[in-house]
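All chains, full assembly: derive it from the sequences and hints.
Spelled out, the chains give:
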Amino acid sequence: AALQKRYRELSGDAEDYKKQKKRKAPDASTRPPNDDPLAAPPAADAFPPFAPREHFRFEVLHESKKPGSRARVGRLHTPHGTIDTPCFVPVGTNGALKAVDAASAMEAGVELQFCNTYHLLVHPGADVVERAGGLHKFMRRDAPIITDSGGFQVFSLAEPDSDEDGAELKQKRARRKKDDAEQPQHGKLVSVNERGVVFKSYRDGLPIELTPESSVAAQKRLGADIIIPLDELPPYHVTRERLEASVQLSHRWMARSLRAHLSDVRGQAMYAVVHGGVDRELRTRSASYLSSLPFDGMAVGGSLGKDRAEMVEMLGWLMPLLPRDRPNHLLGIADPESCAAVVPLGVDTMDSCNPTRVARHGSLLTTAGVVRIGATRYKDDHGPLDPDCPSVDCTRAYLHHLFKQSEPLALTLASLHNIYYMNHMMRDMRERIMRDEL
Amino acid sequence: SSRIPGGLHKFMRRDAPIITDSGGFQVFSLAEPDSDEDGAELKQKRARRKKDDAEQPQHGKLVSVNERGVVFKSYRDGLPIELTPESSVAAQKRLGADIIIPLDELPPYHVTRERLEASVQLSHRWMARSLRAHLSDVRGQAMYAVVHGGVDRELRTRSASYLSSLPFDGMAVGGSLGKDRAEMVEMLGWLMPLLPRDRPNHLLGIADPESCAAVVPLGVDTMDSCNPTRVARHGSLLTTAGVVRIGATRYKDDHGPLDPDCPSVDCTRAYLHHLFKQSEPLALTLASLHNIYYMNHMMRDMRERIMRDEL
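In order, the protein sequence lines correspond to chains A and B. Residue 52 is where the first sequence starts when you use the numbering used here, and the numbers rise one by one after that. Residue 741 is where the second sequence starts when you use the numbering used here, and the numbers rise one by one after that.
It should be emphasised that the hints constitute simulated quantities derived from the structure, not laboratory data. These numbers were taken from a predicted model, which means no experiment stands behind them. All clues stand as given, with none of them false.
Okay, the calculated bits of chain B under chain A, using three or more residues with CB under 8 Å as the criterion:
1. 747-760
2. 986-995
3. 1012-1023
Beta carbons are placed, not taken as given, at the ideal position from N, Cα and C, and that holds for glycine.
So this is what it looks like as structure tokens:
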């Protein structure tokens, strides 16, 4: 009985799930319309037309006049503050940046922070965060926050050796597996159907259902400024048929999410997620359909190829298909080289764990390249971490020392430095766009 | 070791007072394979501390002790490091702390009286050499003596008397203070009056909240310990209403402050509970900071009560 109560708390959909569980066969809500996996989602005329909102506005300050560039400097206005774009968005998975408190993050210039709904659903649950007054109050961040639907982790962590950046270029996967500090947080994907997904909490093994509607409801309780609808993330290697069905399912889910969102906007903005893997035709259709709906912005999700070159090529033809008057967001890719590559293609905001993760492993991002602070040559180097980028008040020798002695403070100072650096880099890019140099 | 341009204050960006010890304590207490940082701390929770996953075992091996000094093996690279009264002072001169401590010997808890007396005399000879080295190059630092003698009243009295007669800037109390807090309080009860009233004193390695409350009325001025910050990292918050084990389920939905009667970090109980449950590193930071706020709040409160003659 206690378990059932807990389950109800988490899914918010008690009665339906109980009924579903008792039936031998899945009920109609788990099957696509007319049993057709390629069934079309609702057309645009089923929704009100797009219009900028009072609480969420994207101002394009300057479009680069450099030939061939689609870069633009913009400003996003949200209920919790403004965001200068292009902008790097660090990821605070559990409603916290690893080893960095909210006040320090603000000082380091974090204008938009990403939090994962999946982990917050597992602990402490959307209800607790709601009773805290929402995510901003819970984590003491009085500045913009974006949450995802929970879908990404559900699908990517289902694999036993997946990790947080399923979509990140997987160059250093083996090394990441040796992360001692990163607690393995693997849930098990139980089912995916028209209705939604069911996965097992990695905390207590209880099933958690995630539907378009319940994900929106959870994100309403969390109260982020920008929210993302549930989408399906197909594996990298899929047949075209499967990929097409996945895109259509995601579209149907996103239409349901948008409807749920529009019925109770609560000062939030919702971004669509363009899918289609590496298939140009599917991507084009996805961009076209989702652009026709009144989403406040467009995120790019799913697989973008096997390496950065493929990603750049893809975004080269994909970004122009997105509406210029709405902000866009690149999901899960924001290491420094990728940022430099995608900003000229017109990306406005981009999130990734990468800069803060590499920091925890002793790699400082600097204007002169990566500094592996554990190297012996820094033991007696009493200069700043990056002479050309002001960051934390700390010398290379000191940070080297903290890493060598396994002091927790090393994680904090290194992570903060990399955040300062990423913001410095983005600010520099914005200035160059203003001067038409990028 | 060696060169820290600007010294410890600049190295760690702390522009406020710092005190360093001689190196002797760890040499002697970490020499034992299952010793840990608070050899002198009342060893109530030793078994639990052994399970510290985050605490890297840092055990050096004691190689030799003689009139000259000690030799131990570095836990980093196994190389021998010699520590003499003079070299410890020289190192502390380079580190540049405001208060420095001379090399002393820390005998094991169970020793014969003969061994203990020899140890006290050795420590005295070492401390005299240290003081001489210090006075030849004061460099704006203060040196505290370390009173020894274990639980032996006569040896303690002699140690206090001899060291007080030398021009040390303050008196630290080191070595074993008994097997539990009651014994420690009893000892300090007759020991503290033997120390000069016009110089500051320092209690080495004991400063958990209950001990602080017990020793302040006995005349202790400053006291150091890893305890408040260590228990923080393990999820125990020190509060005006007692210890709050923040991982307990009842705090999951508690959106009040960590301690309603002691302002500290801007964070709710529910949030800190959540961070611990999800093993977020930020939990360590916020909990440690809270306990530091709390200890300072507690000491400030004690100072005020002393001013009002209530303590």
